[in-house]
Structures are given as structure tokens and as C-alpha cells.
Amino acid sequence: MLGTAPPAESALHHHVLSFHWDGFEPHLIAFDRIARKVDEIPLDGLAMRIGAERRCVGRFDDAGYHPCPSERRVGRFSTCQPCAGPWIPVQACVFEPQCNGDRCDHPEFCMRKHLVYLASFGNLIKVGMTSAARLRERAIEQGADAVRPLFECSDRREARALEKETSARFRIPQEIRSARTARGWNRRPSREEMSNVQAHYLKRIARWREPLEAELEFLDGYPLHRLPRSPPGVAAVEGLHRGEVLGIKGRYLLYRDARTGNPLLLDLGDLPSRSVALLDP
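If you read the sequence shown in the working numbering, its first letter stands for residue 82, the second for the next number, and so on.
Bear in mind the hints are in silico, worked out from the structure with no lab data behind them.
Do not take every clue at face value.
Quick list of simulated restraints, FRET-style, between CB atoms [unchecked claim]: (1) E296 <-> L360: 41 to 49 Å; (2) H101 <-> G156: 19 to 27 Å; (3) D143 <-> E274: 42 to 50 Å; (4) K284 <-> E218: 23 to 31 Å.
Simulated crosslink set (BS3-like; lysine-lysine; CA at most 30 Å straight-line) [unchecked claim]: (5) K284 <-> K194; (6) K284 <-> K245; (7) K194 <-> K245; (8) K284 <-> K207; (9) K207 <-> K194; (10) K207 <-> K245.
For every residue, glycine included, the Cβ atom is placed at its ideal position computed from N, Cα and C.
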């Protein structure tokens, strides 16, 4: 990992609340502690310091944004349990559903239809699961180059179990590490290659369980303006980031470091709950 030492937290006035995609348009949302308002951080240039400390991002409701009253420190999740309660009472259910949605007051999160899917990242492939209405959105969030629905499930718990079984049976990873995906950031993915890899696994899976009849959807609308000649490094999130933005895909912003000229990937998905200082270009 590449980067500089983390700055003093007191100098970081923007608390990052979320990073999300609207179609192929990325959005980084933060709370400006000085202006006391929620604002969007532009992503067409890069000049910021990022802190190491993580604090709860609070919550939104019909009345607007509410900062966490206790400013609790957080870890795996960007929201503390009291602030997350109105959305999901048990945060662990995000990754490992504890029931079929019949043990809490907010069953809609787990009881909706879900899909198990295969996503391509160049010549790499992974298996995942998401609610049926969010397949394309989820694939874009992850930076997939192509996605195909595999199985439909009645709820989140069933989908998670089937995802894990598919992964174990066919040795398909459920996650692809940033260092591996970075190796492919210097070339455009081949549709033919992705189709062949998907077809190979689909044929094997079909011998075990009948998959959905669906087409492979290619996702090539990311705002990637230029690709470097060599694979980029993965920057440490904490510290100073300044340089020319070459593009954004999934969690990552690709930029050319102003100091070294080297291409780097900054994990924007790791920013929510952190504080940042916006600097002059």
C-alpha cells in the first residue's frame, strides 16, 4: 500500500457520509461541519487529506440529515447500531442474515426476492448475491465489467446460503482483492474473454442446478477517461491525495499522483465515516 502519514483529525472539516452510484454517475456525499450542511464533493479533480479515524455517519429521514448524537467510533460499518436501527436492527444481517426476516420489526430488508449472480472483472469472476431489484446497481457499485443473474431466491438468507454453496462447489471467490483487480486497470476488458469465462462456469453449474435463463449484461459506461500504461498501485487511504483524475470505476478512483507521476487507485468506498479536508488544486 502506498501513501503518506494520516493528518490531524481536527483539520478535517468534511465528514464523508456515503459513496454511491446513480447509473454510471458516482457521488461522494459529506457533511460540512463548518457550513453545517450536507454537500457533494466533486470528483473531477483530486486534492484532499483523509483521516484515519472513523465515526458514525448518522442517519437520514423525511426531515433530513441527523448527525450521530454521540459521534460514536465505528469499524466495519459506517453507522453505529442506534443510528442504523430504523433501517436494519441487526447490522450483522448485512453480511450474514440471521433469519428469514421474521424476527425483527423491519422484515422487508431480508424478505424481498434476492438473486445470486456471477460478475466478471476482466478475466476474473466472482459470485455474489443482492436483492432482485438491485442487480445492475450492485454490479456497478463493485465495478463489474459484466453480470449475469444465476439463481432467484425467496429471501436474503436463502440467497446467502446458495452464494456460499456455489462458491465452495465451483471454487468461485465471493470477493476479489484490490491488488488483483488493479492488475487489469491498464487495459479494456475483452467481451469475448468474459463471455467465454462466464459460459465455462455456467455449463458446470448447470450440471448441479438449473440456472436462470438470462443474458450476460456488459457494463462499460464507467467514467474512465484514460488508462495508464502499467497497472496502478493501491494507495493507502489515510493521508494526502493530489493529482489528475483519470477515471472512476466501482469503489476506486484512478489518478496520476502529482508528486511521483505514478498511477494510483484510491478506495472511495472506504471513505464513509472518515473525515477529509478539501485542498486547493
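Original post:
What are the numbers of the hints the structure violates, in ascending order?
Top reply: Result: no hint breaks.
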